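Enquirer: Sequences are here, hints too, so could you generate the full structure?
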Amino acid sequence: MAAAWPSRRNREERMSRNVLLQLLGGYDRSHALRRAVNLWPPFLGAGIRVKHIAADMKAIDVEMKLRFWNANYVGTHFGGSLFAMTDPFYMLMLMANLGREYIVWDKASNIRYRKPGRGTVRAEFRLTDAQLDDIREKLKTLPKYEPVFTVEVKDEQGTVIAEVEKVIHVRRKDSAQPAGEEPRGGARMQPTA
Numbered sequence: 001m002a003a004a005w006p007s008r009r010n011r012e013e014r015m016s017r018n019v020l021l022q023l024l025g026g027y028d029r030s031h032a033l034r035r036a037v038n039l040w041p042p043f044l045g046a047g048i049r050v051k052h053i054a055a056d057m058k059a060i061d062v063e064m065k066l067r068f069w070n071a072n073y074v075g076t077h078f079g080g081s082l083f084a085m086t087d088p089f090y091m092l093m094l095m096a097n098l099g100r101e102y103i104v105w106d107k108a109s110n111i112r113y114r115k116p117g118r119g120t121v122r123a124e125f126r127l128t129d130a131q132l133d134d135i136r137e138k139l140k141t142l143p144k145y146e147p148v149f150t151v152e153v154k155d156e157q158g159t160v161i162a163e164v165e166k167v168i169h170v171r172r173k174d175s176a177q178p179a180g181e182e183p184r185g186g187a188r189m190q191p192t193a
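Count the sequence shown with our numbering and you get residues 1 to 193, in order.
A few of these clues could be false.
Derived SDA-like pairs (lysine to any residue); straight-line CA-CA distance at most 25 Å [claimed, not checked]:
| # | residue 1 | residue 2 |
| --- | --- | --- |
| 1 | Lys51 | Asn38 |
| 2 | Lys115 | Asp155 |
| 3 | Lys51 | Arg172 |
Ranges of calculated distance between the beta carbons of each label pair, as one might list FRET restraints [claimed, not checked]:
| # | residue 1 | residue 2 | range |
| --- | --- | --- | --- |
| 4 | Asn38 | Ala108 | 24 to 34 Å |
| 5 | Arg67 | Asp174 | 39 to 49 Å |
| 6 | Asn38 | Ser175 | 31 to 41 Å |
No wet-lab data here; the hints were simulated from the structure.
Please read all numbers here as calculations on a predicted model, not as lab measurements.
For every residue, glycine included, the Cβ atom is placed at its ideal position computed from N, Cα and C.
Expert: This is the structure:
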């Protein structure tokens with residue numbers, strides 16, 4: 001008897017999950033990961049480029065040049081592209097540094113636009129050993145922890161044009177909720193720097 005085919009939805013979910021995990025976290029070398037992320041369609045289409053990924057996944061630098069396809073009606077950077085250039089990096093950095101015994105999700109984001117973005121804009125993501133230790137320590141007594149990270153998007157002169165707050169949901173796998181459930185809200189705490 002032939003094995004039953006998984007439903008279309010299950011196949012699509014599994015395929016997209018595997019492709020994204022392979023592209024965004026399945027490489028051992030940072031330069032291969034950087035190349036793969038730069039070819040990821042949402043970044044490629046917006047003109048977002050990852051310029052540097054540290055071998056230890058504790059530092060990532062991203063930039064985006066102003067082009068006609070990522071400009072808004074008044075000729076400055078489209079806000080959605082600015083937001084997208086900050087999207088997955090803290091989650092990926094935590095996944096790589098905490099290891100497989102932790103579940104890590106992007107929980108929430110908030111962007112505050114400070115000035116119009118023109119020319120090339122950049123964002124730097126940094127993760128410290130103290131932040132990682134704080135997360136591990138908190139999860140010894142808490143079922144989940146939701147650290148908040150802030151990243152600034154700056155123009156070529158170093159002026160902050162947007163500030164993005166990222167809330168990341170982290171829990172140990174041994175304390176995870178049943179499969180299929182999404183993380184529920186909880187108290188947000190700032191990681192110690």
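Enquirer: Among the hints numbered above, which are violated by the structure, and what are their numbers in rising order?
Expert: 3
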